[in-house]
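*Asks:* Spelled out, the chains give:
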Amino acid sequence: MIISLGSEPSNVRISAVHRLDPRVKMFSSVILFLAIILTPSSHWHKFLVYSLGIIVLIFASHVSTKALARKLVFLIPLIAFLTASVFLFSNRSAAGNILILWNLTVKSVLCYLSLALLASTTEFYQLIQSLEYIRVPRVITGVLTFAYRYAFVLTKEAERQRRARESRTFGKQSRRERVRVVANLLPQMFFRTLERSERIYAAMLARGFDCNIRTISFFRFRAQDVAFLICFLIVLGACFFIL
Amino acid sequence: MKQKIIEVKDLNFSYPDNTKALKNINFSVFQGENLAIIGPNGAGKSTLLLHLNGVLRGEGAVSIFGEKLSKDNIKNIRARVGMVFQDPNDQLFMPTVFDDIAFGLLNLGMDRENIVFKVNQVISNLGLKTYKKKAPHHLSLGEKKKVSLATVLVLEPEILVFDEPTISLDPGSKRIFMELIKKIPKTKTKIIATHDIDLAWKLCPRILLLDKGRVITEGNARDVLMDKELLEAHNLEVPPSLMMEHSGGKQDIRKIRKKRPPFSSRKIKQPLQKGWINR
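If you read the sequences in order, they're chains A and B.
Residue numbers for the first sequence follow the working numbering, beginning at 1 and rising by one.
Residue numbers for the second sequence follow the working numbering, beginning at 1001 and rising by one.
For reference, chain A alone in the conformation it holds in the complex:
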């Protein structure tokens, strides 16, 4: 996953990229996605410039390249599916299929890398607040915030259930038995989640919640944010329109 749960880094090395305004990072990422998607597959030199730009940003942000490479593994099933679809269902020649596959692979890898870079250099709740700035409905951002906050609580709860099950499991279990146990645990998890959601809602009501999620943000544009945005747009524009 792009944002890995349960292992949220709390002491990452803060770089200039981390310090950029999250809205600037979000906007730049969206523009970069559009540029990557709209670039024709034959313009390989443009893809080279995009890749170089992303690599420079990765090094500037001190993000672990190993961690990013590990995240790329999640793309393998998608690429495998695309390859199978292209070769099985397309009527084009082999060369045409390879060109389509190259186009899809390069674009998805570049988009995925830039998204992973954004997620690695911006705290989750800052991303959510940036989404609020671009007028994503508060209901959606609220659901995302709660999902992220309680994913940690629920993974811990699931872990406790797993330990309790293992402590009462003697000998080796067959795959079928394990599936049965997990199937029994899932409804329990569901009911515990439901009960917790009711308690959380009660806690929200107790502090005056009226079904409108309000947040307070401390974002402000600084000179370096403006400078980064201008440089980014100039380089991307030159690459997209002139090269």
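If you're looking for bench data, these hints aren't it; they were derived computationally from the structure.
Please read these numbers as outputs of a predicted model, since none were measured by experiment.
Please note that the accuracy of each hint is not assured.
[Unchecked claim] Below, computed lysine to aspartate or glutamate pairings styled on EDC-like, alpha-carbon distance capped at 16 Å:
| # | chain 1 | residue 1 | chain 2 | residue 2 |
| --- | --- | --- | --- | --- |
| 1 | B | K1186 | B | E1158 |
| 2 | B | K1071 | A | E177 |
| 3 | B | K1183 | B | E1033 |
| 4 | B | K1132 | A | E123 |
| 5 | B | K1186 | B | E1033 |
| 6 | B | K1002 | B | E1158 |
| 7 | A | K156 | B | D1087 |
| 8 | B | K1134 | A | E123 |
| 9 | B | K1174 | B | D1087 |
| 10 | B | K1202 | B | E1033 |
| 11 | B | K1075 | A | D210 |
| 12 | B | K1133 | A | E123 |
Position chain B relative to chain A; hints supplied.
*Replies:* Relative to the frame of chain A, chain B by itself:
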């Protein structure tokens, strides 16, 4: 004479599965009073607390500051009755400690500058500066409890309601949390639901004993908590600190400490018998 600020009359409540959680509850709380609601697990303590700021509504009347709880005054009453929940994971739902503390103020419609000022003030009063930007799930249970208290104190409520405030805390964290509760101004009314009888004895002069959804007894803390038979009949125990105080145990220990010389300087009157080591 002190003003009666909470009045519960003939309160009955059943959960949707028809479990009768509260049966004919009657009691009053006066301004500045510390009341402990004690009782075994499943007595209905938490359910009763949830009625005090209208999160749950049963049959009967709950009046806060002389006003009967209704849809029209609920917002106002919730701002005046702050509730600290049993599990801090239920209370801390925002992405950072700062956001969690600011949540109630934002709902009150306060302006940004005031919110920042008030939140920072509470954070510094409770010694939470280092946690300000942290996500609640990165905190220990004791820290989460402190932040939960901050989320309520920032609203400056006149009534503070605590649901099992020291449950699952280690002795050190429990002591710290009790000290924090003691530091809350005496003008504020505190209601503490707990089965930690020691906590009830140390913080509350008045006790309400609840079991199976009914008020069993109500009265002075010493009278209720010294009634061993009554407490044991409801799965509770006389607090060790009260027992010690009553039996003069504290004094005896002091006497022993004063009278007994350090071990190294004590003379052994009877020498050990020969060959004792071989026996």
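*Asks:* Are there hints from earlier that the structure breaks, and if so, what are their numbers?
*Replies:* Hint 2 is the one this structure does not satisfy, whereas the remaining hints hold.
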